[in-house]
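Student: Same order as they appear, the protein sequences are chains A and B.
Residue numbering for the first sequence follows the numbering used here, starting at 1 and increasing by one per position.
Residue numbering for the second sequence follows the numbering used here, starting at 407 and increasing by one per position.
It is worth saying that the hints were derived from the structure and are not from the lab.
Please read these numbers as outputs of a predicted model, since none were measured by experiment.
Some hints here could point you the wrong way.
Claimed, not checked - Computed from the model, here is a short list of chain B residues facing chain A with C-beta under 10 Å:
| # | residue |
| --- | --- |
| 1 | LEU487 |
| 2 | SER491 |
| 3 | GLY493 |
| 4 | LEU527 |
| 5 | MET531 |
| 6 | ALA538 |
| 7 | PRO540 |
| 8 | VAL542 |
| 9 | ALA547 |
Just so it is clear, CB atoms sit at the ideal spot from N, CA and C, and this is done for glycine as well.
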Amino acid sequence: MLGAMLQEAWRAMGANRLRTLLTMLGMVIGVGAVVLMMAIGQGAQYAVAQTISSMGSNIFVVLSGYTSTGGVRSGSGNAPTLNVADAEAIAELEGVDTVAPVHWGSVQMVHGSNNWNAWVQGTTPAYLDARSWPLAEGAAFTDSDVRAATRVALIGRTVAQNLFGDENPVDKTFRIGQAPFVVLGVLAPKGQNLEGRDQDDLVVMPLTTAQRRVFGTPFQGSVRQILVKASSAEAMPTVEKSMEALLRQRHRLRDSADNDFTIRNLTAVADTAAETTRVMSLLLGAIASVSLLVGGIGIMNIMLVSVTERTREIGIRMAIGARERDILAQFLLEAIIISVIGCAIGLVLGVGGALLANQLARMTVVVSGSSVLAAFGVAAGVGVFFGFYPAKKAARLDPIEALRYQ
Amino acid sequence: MVIRRSGFSPTMAPEVGLKDDLQNKDAVIRVESLFKAYDTPAGPFPVLKDVNLVILPGEFVAIMGPSGSGKSTFMNILGCLDRPSEGRYLLSGRDVAELGKDETAALRNRTIGFVFQGFNLLPRMNLADNVALPLVYSGIAHAERRAQAQAVLDKVGLGGYADSLPSRISGGQQQRVAIARALVNRPQLILADEPTGNLDSHTGEEIMGVFRALNDEGITIVLITHENDIAAHAKRQVRFLDGRIVHDASTQPQAEAATC
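Kindly generate the complete structure, drawing on both the sequences and the hints.
Tutor: Laid out in structure tokens, this is it:
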């Protein structure tokens, strides 16, 4: 029975090939758009999730204040308002997991005939821990390196490539000015951050080394920022409040005075980014779904035309013993076949388009099995939903009227 | 040979004949005081008024009458395509009014074979598939369908055309295919609505020959026609006028005696 009905449906669709193909095209475009948009949306979400995890989770950045000279104000982090003692005090607060004071600046460095300008972060070993940043090669510096201000450094992948090329940089030296630095290890690559900056283009060294041997800060122990990792996402609001109170107290700020530091919640920034991409991918999906809906309406339209055209055939079939459900099944099957074939083609085009976007536009795309399955389910559903009314109409025809139809 | 009359027969009391038939449980068709009216904006419009008819197995009945006499409506009711407004219709002893839609579909599929004036073959299917179509709705497997379709096509003399499309053969041949389709499920009864109406008289005669041969095998045949020549092939003529049976007589073997 099903075999005969499939053959039937095939014959009916073949009788008007162009029309069938155009109807299918509606589904092809709909499904293709949904698959492509879902791939791009999920890709964007994936990319943001990657970036967020590269930043480390539950992170605050406390920036020192700015200086103001004759009305000209420098940016945050330029006034020496934060120091190592602040960082040590913050580490004592409840809910704080790790604290790393950071002093940074950009510096020209040389190795052999190569030279490169990179960002130097002077910090403590806790920094790598707070940012969940493993080493690709070598070993990290230790607290004793920080105490002794030894000239050692960890370099990011970009720096390694630019200074050392294909050489293994571990245990090699590079110079900053006249001072040589030994490369202890290479940091695992992290890629771009949310602003698109290359996170691997940096050098991490002991805080004291950076302060004394690279930047030569006049205020011993002052840092530009303190990286604070809270023990959990739930603890973050409390940590933020107690940190602010602590720093105001330590800096002896009067109630009327502004903070001479800034606390940034990186997780909140990340959450915003994640939420933005989520909304964007939802929006993309919604727009694509509209085209799927239009495709479905196309199927309904053509099936209605088909029922009218084949009224007499329906009458003949009823006269020779077709039950209502036989007629219903026949037309429903046709609608489902059109939508499923359309869906299969759309799927291929959608996935192809996603791969093309990945190749040509360097877009991160994610084609998940679940989205493919969902597309198929939706297509079959569209076939049933939009095929049902015309099929029901066919099944409800009065056989006498139908036989008389010219 | 029983002669049945209804309505206004001056020669015989209709009640006597009817009573005899009512006792005969084997009737293929038994219609009792059947009325049919269509709803129109101006109120119900009566088409059939108190029709009584009994057709026994093996009969060959021609239903005649001018347009508007109700013969087509009557045929639709006999074919379970339409339902009477009042009265009873028993097909092979089953009251059709008590049957659901699926059961009447099954009757049309297995008990009745339809032959139409316009042949009504499906144009996109080859002849074998056309003939096998009723078997699809009986749930018969593909190979079996093909074999049975071939057998009935052979029987109507078109066995060599199984893979042709209907448009490739003549009208007379198409009607033979339609008859083959009506026969494929071995029905008790064939209902033919003006089966020769679209054919020239010579081809019409041929088709009537096919019907007579089937009737000789014991299949009950009821056909509508307005041509006396065609009706003469039947063993019994029933004439409708204004929704009533006005004449009901056997022509064979006493053809002259029954002619009005």
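Student: Next step is simple, just say for each hint if it's right about the structure.
Tutor: How the hints compare with the structure:
| no. | hint | result |
| --- | --- | --- |
| 1 | LEU487 | holds (5 Å) |
| 2 | SER491 | violated (15 Å) |
| 3 | GLY493 | violated (18 Å) |
| 4 | LEU527 | holds (8 Å) |
| 5 | MET531 | holds (7 Å) |
| 6 | ALA538 | holds (8 Å) |
| 7 | PRO540 | holds (5 Å) |
| 8 | VAL542 | holds (5 Å) |
| 9 | ALA547 | holds (9 Å) |
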